[in-house]
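S.K.: What follows is each chain in one-letter form.
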Amino acid sequence: MADKVLMKGNEAIAEAAIAAGCRHFFGYPITPQTEVAAYMSKRMPKIGGVYLQGESEVASINMVLGAGAAGVRVMTSTSSPGISLMSEGISYIAGSDVPCLIVNVERGGPGLGGIQPSQSDYFQATKATGHGDFHLLVFAPSTVQETVDLISDAFDLGDKYRMPTMILSDGLLGQMMEPVVLPEAKEPTDSKDWAAKGHQGKRKHNVVNSLYIDPSELERLNRERFQKYEKIKETEQRAEEYLADDAEIILVAFGASSRIAHSAVDMARKQGIKAGLIRPITLWPFPEKFIEKHVGHAKSFLSVEMNMGQMVEDVKLTVKDRKPVRFFGRTGGIVPTPKEVFEQIVKINGGDC
Amino acid sequence: MSKIMGERPKALVDVPLHYCPGCTHGIVHRLVAEVIDELGIEGKTVGVASVGCSVFTYNYFGCDMVQAPHGRAPAVATGVKRARPEDVVFTYQGDGDLAAIGMGETVHAAARGENIVAIFINNAIYGMTGGQMAPTTLPGQVTQTTPYGRDTSVAGNPIRVCELLSSVKGVALAQRVTVDCVKNVKAAKKAIKKAFEYQMAGKGYCIIEVVSTCPTNWGMSPADALQWLRDNMLPYYPLGVYKDVGEEGEQ
Chain A
41 MADKVLMKGN EAIAEAAIAA GCRHFFGYPI TPQTEVAAYM SKRMPKIGGV
91 YLQGESEVAS INMVLGAGAA GVRVMTSTSS PGISLMSEGI SYIAGSDVPC
141 LIVNVERGGP GLGGIQPSQS DYFQATKATG HGDFHLLVFA PSTVQETVDL
191 ISDAFDLGDK YRMPTMILSD GLLGQMMEPV VLPEAKEPTD SKDWAAKGHQ
241 GKRKHNVVNS LYIDPSELER LNRERFQKYE KIKETEQRAE EYLADDAEII
291 LVAFGASSRI AHSAVDMARK QGIKAGLIRP ITLWPFPEKF IEKHVGHAKS
341 FLSVEMNMGQ MVEDVKLTVK DRKPVRFFGR TGGIVPTPKE VFEQIVKING
391 GDC
Chain B
1067 MSKIMGERPK ALVDVPLHYC PGCTHGIVHR LVAEVIDELG IEGKTVGVAS
1117 VGCSVFTYNY FGCDMVQAPH GRAPAVATGV KRARPEDVVF TYQGDGDLAA
1167 IGMGETVHAA ARGENIVAIF INNAIYGMTG GQMAPTTLPG QVTQTTPYGR
1217 DTSVAGNPIR VCELLSSVKG VALAQRVTVD CVKNVKAAKK AIKKAFEYQM
1267 AGKGYCIIEV VSTCPTNWGM SPADALQWLR DNMLPYYPLG VYKDVGEEGE
1317 Q
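Note that the protein sequences, when read in sequence, are chains A and B. Okay, so the first sequence: first residue is 41 according to the working numbering, each after it adds one. Okay, so the second sequence: first residue is 1067 according to the working numbering, each after it adds one.
Don't read these hints as lab results, they were simulated from the structure. Quick caveat: nothing in here was measured; it's all calculated off a predicted structure. Note that the Cβ used here is the ideal one computed from N, Cα and C, for glycine as well. Any given hint could be a false lead.
Unchecked claim - Derived DSSO-like pairs (lysine-lysine); straight-line CA-CA distance at most 27 Å:
hint	chain 1	residue 1	chain 2	residue 2
1	B	Lys1259	B	Lys1076
2	A	Lys360	A	Lys314
3	A	Lys339	A	Lys329
4	B	Lys1259	A	Lys244
5	A	Lys314	A	Lys200
6	A	Lys387	A	Lys363
7	B	Lys1235	B	Lys1069
8	B	Lys1249	A	Lys242
9	B	Lys1076	A	Lys244
10	A	Lys268	A	Lys329
11	B	Lys1235	B	Lys1259
12	B	Lys1235	A	Lys232
13	A	Lys167	A	Lys226
14	A	Lys82	B	Lys1249
15	B	Lys1069	A	Lys242
16	A	Lys333	A	Lys387
17	A	Lys329	A	Lys363
18	A	Lys200	A	Lys329
Claimed, not checked - Here are the computed distance ranges between Cβ atoms for each label pair:
hint	chain 1	residue 1	chain 2	residue 2	range
19	A	Gly61	B	Pro1301	50 to 60 Å
20	A	Asp230	B	Tyr1302	39 to 49 Å
21	B	Pro1301	A	Asp230	47 to 57 Å
22	A	Leu251	B	Glu1073	24 to 34 Å
23	B	Pro1087	A	Arg263	29 to 39 Å
24	B	Met1266	A	Tyr252	12 to 22 Å
All chains, full assembly: derive it from the sequences and hints.
M.R.: Laid out in structure tokens, this is it:
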């Protein structure tokens, strides 16, 4: 068993990526994710890897496209406004079926917003990270340890499905320190036979491309990609349940806000209120199956988010008017307190607190 | 009896090109392919196609190819080269791609001394979208979006890319050529070959600007377009070597 070490969330992201065999990092500084880049700039030259600071997020994501197209395990990390700038490249990456890892350590928006933690990029991560029909596999860790564990999965599943994946973290998880056990280090592999890496005269040329002038060809490829997405929806949904089996009021919360929701559930249970929590770990695919399981016995759902109400729409789409779905959130970089969330539970339960 | 004067270069796939009659892209494609053949590097070359008329180069070159977003070819090529330093990597970009939307990526790839070759087609117009003003459109030149001629007090001035990049440390070779006649075609090929050789020697960023024609969007016959190029383009964009670090490399 490996030793436990105390690590900052952002640095753990970098070390976990290296352990997963990633040797190529391209990025641009932005608060609150800069420690990822700083850590990579220190480590990569020591292990024969590549750290390169692009002149912008736009350039960085296109460097990721190039390295990913050439068949290596590659990543970038940024924070919310940076994802907006990367959207173009992410769309091309998805349209070219190139695997890579994109980390978003979210901050408050819109615009320049603020630098405090937020979850206001849920829509952007799960619905429209760029133009066109596509999805990313999106993981939302809630602890530093889980961040470390999910990075390895994100790389492996990205390669398996040939698609970009995202770790949706936030300023809180990125900046906090927690004890972690790092996974056994994997060596980089080089086995992607579709990659543009030089055909050595041994095969027809590979073309990594997202342009299809013939509309029937483009439709066919989009349909194929969505068949893949259906398979992913079937097999890759992940969530954690906490006291959900007998719960009447079920909170749904991911990432940092799920930790607060967890505490609020404990406070409610102490008062004899049957509260529970479903914590989506994959945001796309949204873990519908885990919610569906509890629609029968739950009296109502409460989506707790650090935004103005985004994931709540997916909860509603899953619950389909069978039970009331409510929302509580703080935004702009404000982190809700367990007491605030507890008060919402009490209110739903029909009482005062 | 007909006699075949020259075989198709191996590095050029045997498919019909989509370019308009009289367009000089075809000549430049052939030169790049001949250089790849002569250096014997097709198997380890990765080309990066840009957005514009030349986007379909990924179908024409026999080496592995990646298609980049508009203007981003230098960044994509950087990613390929950093992932596969043993490979030979080139971009093939038009003037809108390289000198407008992609100027940032171009200058920074150059400043990093990124070990890639940029083949830069300057025909002073946006071809693919149907003839709009380019960053290299000449003063007074009529395009779809400068219908009264490019008024530099409104639309700004044309950018001389080789001159600009010649001031950037990291550039190993910046040379402007054209392909309007046999002599110049030969000189262009020599320049392209030198650029690829420089990359293989690890010298840094190389750009070969090819002053080109766009008969369709200039509204001229191919022969008139070549004459217009000589009379108007070459005075503004003089041919020549703007930077060459030579055998010694940059001092």
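S.K.: To test your reading of the hints: which numbers does this structure violate?
M.R.: 5, 7, 8, 12, 13, 14, 15, 24
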